[in-house]
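Visitor: Chains as they are written, first to last, in this note's numbering: chain A, 1 to 325; chain B, 1 to 325.
Hints are computed from structural coordinates only; laboratory data are not their basis. The reader is advised that the hints may include incorrect statements.
Identical copies look the same in the list; a pair holds intra-copy or inter-copy alike.
In silico PhoX-like cross-links for lysine-lysine, where the CA-CA straight-line distance does not exceed 20 Å [unchecked claim]:
1. K295 / K19
2. K314 / K40
3. K136 / K19
4. K136 / K234
5. K287 / K252
6. K136 / K117
7. K224 / K287
8. K22 / K117
Protein chains: 2
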Amino acid sequence: MYSLKEQEAIIARAICNLKFVKEPAGLYEPLEYMMSIGGKRIRPRLCLAAYNLYSDDIGDNIISPALALEIFHNFTLLHDDIMDRADTRRGQLTVCKKWGDNVAILSGDVMCILAYKWLTACPADKQPQVLELFTKMGAEVCEGQQYDMEFETQPVVTGEEYINMIGLKTAALLACSVKMGAVIANAPEAQAEALYNFGWQIGLAFQISDDYLDTFGDPHVFGKKIGGDIMCGKKTWLLVEALKRASGESRKRLNEILAMGDDRAEEKIAAMQQLYIDLGVKQDAVKAIEEYHEKAMECLSGNGFTPEQLDILKEFSASLVHRED
Amino acid sequence: MYSLKEQEAIIARAICNLKFVKEPAGLYEPLEYMMSIGGKRIRPRLCLAAYNLYSDDIGDNIISPALALEIFHNFTLLHDDIMDRADTRRGQLTVCKKWGDNVAILSGDVMCILAYKWLTACPADKQPQVLELFTKMGAEVCEGQQYDMEFETQPVVTGEEYINMIGLKTAALLACSVKMGAVIANAPEAQAEALYNFGWQIGLAFQISDDYLDTFGDPHVFGKKIGGDIMCGKKTWLLVEALKRASGESRKRLNEILAMGDDRAEEKIAAMQQLYIDLGVKQDAVKAIEEYHEKAMECLSGNGFTPEQLDILKEFSASLVHRED
C-alpha cells in the first residue's frame with residue numbers, strides 16, 4: 001500500500017500531465033486553465049486511496065477514472081461560478097470573468113463530456129457499474145446545486161433540508177469517488193457499499209467544516225477572505241442553526257446583521273461571528289463535524305476491513321475533517 | 001423490417017412516455033418542457049432505422065439509447081438558446097426566457113448527464129464502443145458550436161471552414177445516431193462504418209437545406225419566420241458563398257444589405273434573397289444539397305447492403321434532404 005503522501009504525488013503528477021488543448025483553442029484553453037489553478041484534488045485522491053486498499057497495481061485503469069472525478073468536479077465549479085456571478089476562484093479570475101459566460105457554458109459542457117471520456121478508461125467489465133454510479137452522482141450534484149440556489153430566496157431552511165442539500169451537492173461526489181476506487185479494484189460488494197456510506201458522512205463533515213472555516217478560519221491558512229458566506233447571506237450550517245435558535249433579542253440582532261450592506265462588511269462579519277458564538281452555534285458546528293466524522297468511521301465497522309486498511313481511511317478522513325484550509 | 005412511419009410512431013410513443021420530473025421540480029420541469037415542445041426526432045429515428053436494418057427485436061436495448069440521442073440534442077439546444085439569447089424555439093418560450101439563465105444552465109447540465117443514463121441501457125457488451133462513439137460526438141458538437149460562435153465576428157469564413165463547422169455541429173450527431181443503431185444491432189463493422197459516413201454526409205446536406213429553408217422556405221410550411229439568419233447576419237452556406245463570389249458592384253450591394261438595421265427587416269430580407277439569386281447562390285445551394293446527398297448514397301455502395309436495406313436508407317435520407325420544414 002502506498003502512503004497518502006505518495007498517492008497525492010501520483011495524482012498531482014497525473015493532473016500535471018493532463019492535456020486538453022486542441023482545436024478550437026477558444027473552447028479547450030479554459031479547461032486547462034481551470035484544471036491548473038489548483039485545489040486539493042480530494043476526489044481523485046479518495047478514489048485512488050480506496051483502490052489502493054485492495055491493489056498496488058496502479059495504472060491508467062484507475063488513474064483515468066480518478067481524474068474523471070476531478071474533471072467533473074471542475075466542470076461543476078465552472079458552471080457554479082457563472083450562476084454565482086463569481087469573479088475569482090482560488091485567487092485567480094474565474095473562466096466566466098476571463099472569457100465570458102458563453103465560453104464558460106460551452107467549455108463546461110465539453111468538460112462534463114470529457115469526464116465521461118476519462119471514466120471509460122476503467123476496465124470494460126466494470127464499466128456498467130462505474131457508469132451507473134457516476135451518472136447517479138452527476139444528477140445528484142445538479143440537484144444539490146438547485147436546492148442551494150433555491151435556499152437563497154427561501155426564508156426558512158430546516159437543518160434536515162440543509163443536510164439533504166449538502167449531501168447531494170458535496171457528499172455524493174465524495175461517496176462516489178471512494179466507492180469507484182473500490183469497485184475498480186474488485187472489492188467485496190459489502191465493503192464497496194460501506195466505503196460509499198463512509199464517503200457520504202465524510203462529505204457532510206467536510207462541507208460543514210468548509211462553512212466553519214469560511215467564518216472562523218485563519219485567513220493566512222485558509223487562503224481566501226473570511227466572511228464571504230456572511231456577506232452574501234449564504235444559508236450555511238451556521239446560519240441555518242442561528243436562524244433556528246435566535247429568538248427575542250437575538251432574533252432582532254440577527255435580522256439587523258443580515259440587513260447590513262456591503263459598505264459595513266467588517267462590522268457585519270465581526271457581529272455575525274460574535275452572534276454565532278453567543279448562540280453556541282460555533283462550538284456546535286465543531287461538534288457536528290465530529291459527529292459526522294464518527295458516523296463515517298462507524299460505517300466501516302463490522303465489514304471485515306483489516307487494521308491496515310482502517311488506518312489509511314482514518315488518516316485520510318481526519319485530514320479532510322480537521323483541515324485548516 | 002418496420003416502415004419508416006411505424007418507426008416514427010415507436011419513437012413518438014417512447015418520447016411521450018419519458019418521465020423526468022422528480023425533486024427538485026425546479027430542476028427537472030424544464031427538461032420535460034424542452035422534450036415536449038416537439039421537433040422531428042430525427043436522431044432517434046435514424047438510430048432506430050439503422051438498428052432495424054438488422055433486427056426486428058425492438059426493446060429498451062435500442063429505444064433507450066435512441067432517446068439518449070434526442071435528450072443530448074435537446075441539452076445542446078437548451079444551452080445554445082442561452083448563448084444566442086433566443087427568446088423562442090418552435091413557437092414556444094425558450095427555457096432561459098421562461099425560467100432564467102441559471103435554471104437553463106443547470107437543467108441543461110443534468111440533461112447531458114441523463115443522456116448518459118439512457119445510453120447505458122444498451123447491451124453491456126456494446127457499452128464501451130457505444131460510449132466512445134457518443135462521447136467523441138459530444139465533444140465534436142461543442143467544438144462545432146464554438147466555431148459557429150467564433151464565425152460571428154470572423155470577417156472571412158471559407159467554404160471549407162463552414163463545412164468543417166457544420167460537420168462538427170450537425171453531422172457528427174447524425175452520423176453517431178445511425179452508427180449507434182448499427183453497432184447495437186451487431187452489424188458488420190464495415191457496414192457500421194459506412195453508415196457513419198452516410199450519416200455524416202446526410203448531416204451536411206441536412207444543414208445546408210436548413211440554411212436554404214431559413215431564407216427561401218415557404219413560411220406556412222417551414223413553421224417559423226423566413227429570414228432569421230439574414231437578420232442576425234449568420235454565416236450560413238448562402239452568406240459564405242455570397243461573400244466569396246461578390247465583387248465590385250455586387251460586393252458593394254452585399255455590404256449595404258449587411259449594414260441594414262432591424263428597422264428595415266422586410267427590405268433587408270428581400271434584398272438579400274434577390275442578391276443570392278443574382279449571384280447564383282440560391283441554385284448552387286440546391287446543387288450542393290444534392291451533391292452531399294449523392295455522396296451519402298455512395299458511402300453505402302460496395303458494402304454488401306441488401307436492396308431492402310438500401311431502400312429504407314434512401315427513403316429516409318430523401319425525406320431529410322428534400323424536406324420543406
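Visitor: Against each hint, give a clear statement of whether it holds in the structure.
Guide: Against the structure, the hints:
| no. | hint | result |
| --- | --- | --- |
| 1 | K295 / K19 | neither (39 Å within a copy, 35 Å between copies) |
| 2 | K314 / K40 | within (18 Å within a copy, 55 Å between copies) |
| 3 | K136 / K19 | between (27 Å within a copy, 16 Å between copies) |
| 4 | K136 / K234 | neither (26 Å within a copy, 39 Å between copies) |
| 5 | K287 / K252 | neither (26 Å within a copy, 75 Å between copies) |
| 6 | K136 / K117 | both (17 Å within a copy, 8 Å between copies) |
| 7 | K224 / K287 | neither (24 Å within a copy, 61 Å between copies) |
| 8 | K22 / K117 | within (15 Å within a copy, 28 Å between copies) |
Violation of the numbered hints given earlier is confined to hints 1, 4, 5 and 7; the remaining hints are satisfied by the structure.
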